[in-house]
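Participant: Residue-level listing of the chains:
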Amino acid sequence: DTGVSQDPRHKITKRGQNVTFRCDPISEHNRLYWYRQTLGQGPEFLTYFQNEAQLEKSRLLSDRFSAERPKGSFSTLEIQRTEQGDSAMYLCASSSVSLGYTIYFGEGSWLTVV
Amino acid sequence: AQSVTQLGSHVSVSEGALVLLRCNYSSSVPPYLFWYVQYPNQGLQLLLKYTTGATLVKGINGFEAEFKKSETSFHLTKPSAHMSDAAEYFCAVILPKAGTALIFGKGTTLSVSS
Numbered sequence: 001d002t003g004v005s006q007d008p009r010h011k012i013t014k015r016g017q018n019v020t021f022r023c024d025p026i027s028e029h030n031r032l033y034w035y036r037q038t039l040g041q042g043p044e045f046l047t048y049f050q051n052e053a054q055l056e057k058s059r060l061l062s063d064r065f066s067a068e069r070p071k072g073s074f075s076t077l078e079i080q081r082t083e084q085g086d087s088a089m090y091l092c093a094s095s096s097v098s099l100g101y102t103i104y105f106g107e108g109s110w111l112t113v114v
Numbered sequence: 001a002q003s004v005t006q007l008g009s010h011v012s013v014s015e016g017a018l019v020l021l022r023c024n025y026s027s028s029v030p031p032y033l034f035w036y037v038q039y040p041n042q043g044l045q046l047l048l049k050y051t052t053g054a055t056l057v058k059g060i061n062g063f064e065a066e067f068k069k070s071e072t073s074f075h076l077t078k079p080s081a082h083m084s085d086a087a088e089y090f091c092a093v094i095l096p097k098a099g100t101a102l103i104f105g106k107g108t109t110l111s112v113s114s
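If you read the protein sequences in the order shown, they are chains D and Z.
Number 113 in our numbering belongs to position 113 of the first sequence; there are no gaps in the numbering.
Number 108 in our numbering belongs to position 108 of the second sequence; there are no gaps in the numbering.
Read the hints as simulated data drawn from the structure, not as lab findings.
This one's a predicted model, so the numbers in the text were calculated from it and none came from an experiment.
There may be inaccurate statements among the hints.
Taking lysine-lysine and the DSBU-like style, the derived pairs with C-alpha atoms no more than 30 Å apart in a straight line are [as the list claims (entries may be wrong)]:
#, chain 1, residue 1, chain 2, residue 2
1, D, 57, Z, 106
2, D, 57, D, 71
3, D, 11, Z, 106
4, Z, 106, Z, 69
5, D, 11, D, 57
6, Z, 49, Z, 106
7, Z, 106, Z, 58
8, Z, 49, D, 57
9, Z, 49, Z, 69
10, Z, 106, Z, 68
11, Z, 49, Z, 68
12, Z, 106, D, 14
Okay, the calculated beta carbon distance ranges per label pair [as the list claims (entries may be wrong)]:
#, chain 1, residue 1, chain 2, residue 2, range
13, D, 70, Z, 68, 40 to 48 Å
14, D, 12, Z, 70, 28 to 36 Å
15, Z, 113, D, 68, 40 to 48 Å
16, D, 9, Z, 12, 29 to 37 Å
17, D, 8, Z, 54, 36 to 44 Å
18, Z, 46, D, 63, 28 to 36 Å
From the three backbone atoms N, C-alpha and C, an ideal C-beta is built for every residue, glycine too.
All chains, full assembly: derive it from the sequences and hints.
Facilitator: Structure follows, in structure tokens:
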């Protein structure tokens, strides 16, 4: 069990640029989640997948955000035309419905938009 | 819809003192409840969880929590604080029968002084 892996861990980008984060869940976990966390706040739910199907999207996920999980394994979260308000830590997590509802988190990907 | 309220954004205790972090939830159906801990610049680590069965659950690092349905609470306690317990603590809820994602409270920062 290698845990949930996220890449890159830190990203600094200029406003208006596109960024993409990758998440590799724990193997055999069929659910994958994306959260956003800003300083001093709890993680806010963005979206989740069960296998390759995106089952729920938060209203926080604007049109500039897109997430995919093409083969039901790793996932990507892309932010287009970044804004300073997008600066946050993006957390990925995974779980297995058959193994209970414990959700395991990765170390997060820090985004700074300048 | 479910929600979580953590009373007290900051709690300070002395080393060796009792730790009590409060969490109340709102849910229309039986919830599963979780406590996570987050150290600076890291992801979230599961401390303990309540799903069904025994309402007093024990977790890692000497923490425990009790699910009280009548009070809609899931407070986290530790008999004796250690300096290494200083971190951010998050209470979270999921409604398994509704297929929702994990929803977090805003967090409580625990400070431990010597």
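Participant: Quick one, are residue 11 of chain D and residue 106 of chain Z close enough, alpha carbons at most 30 Å?
Facilitator: holds, 25 Å
Participant: Does the structure keep residue 49 of chain Z and residue 68 of chain Z at a Cα separation of 30 Å or less?
Facilitator: holds, 13 Å
Participant: Would you check the hint for residue 49 of chain Z and residue 106 of chain Z, treating anything up to 30 Å between C-alpha atoms as holding?
Facilitator: Between residue 49 of chain Z and residue 106 of chain Z the Cα gap is close to 18 Å, so the pair holds against 30 Å.
Participant: Could you grab the alpha-carbon distance between residue 57 of chain D and residue 106 of chain Z and see if it respects the 30 Å cut-off?
Facilitator: holds, 20 Å
Participant: Just to be sure I understand the hint, the distance between the Cβ atoms of residue 12 of chain D and residue 70 of chain Z should be within 28 to 36 Å; is that true here?
Facilitator: Since the Cβ atoms of residue 12 of chain D and residue 70 of chain Z sit about 49 Å apart, the hinted range of 28 to 36 Å is violated.
Participant: Falls inside 36 to 44 Å, the C-beta gap from residue 8 of chain D to residue 54 of chain Z?
Facilitator: With a Cβ separation near 42 Å, residue 8 of chain D and residue 54 of chain Z satisfy 36 to 44 Å, so the hint holds.
Participant: Kindly confirm whether 40 to 48 Å is satisfied by the beta carbon distance between residue 70 of chain D and residue 68 of chain Z.
Facilitator: The hinted range 40 to 48 Å holds for residue 70 of chain D and residue 68 of chain Z, with Cβ atoms some 44 Å apart.
Participant: For the pair supplied as a hint, residue 106 of chain Z and residue 58 of chain Z, confirm whether the alpha-carbon distance does not exceed 30 Å.
Facilitator: Holds, because 22 Å separates the two Cα atoms, which is no more than 30 Å.
Participant: Do residue 113 of chain Z and residue 68 of chain D keep their Cβ atoms within the hinted range of 40 to 48 Å?
Facilitator: Since residue 113 of chain Z and residue 68 of chain D have Cβ atoms about 47 Å apart, the given range 40 to 48 Å holds.
Participant: Taking 30 Å as the top limit, are the C-alpha atoms of residue 49 of chain Z and residue 69 of chain Z close enough?
Facilitator: holds, 15 Å
Participant: Given the hint that residue 106 of chain Z pairs with residue 14 of chain D, does the C-alpha gap stay at or below 30 Å?
Facilitator: holds, 29 Å
Participant: Measuring from beta carbon to beta carbon, are residue 46 of chain Z and residue 63 of chain D in 28 to 36 Å?
Facilitator: holds, 33 Å
Hint violations for this structure: number 14 only, all remaining hints satisfied.
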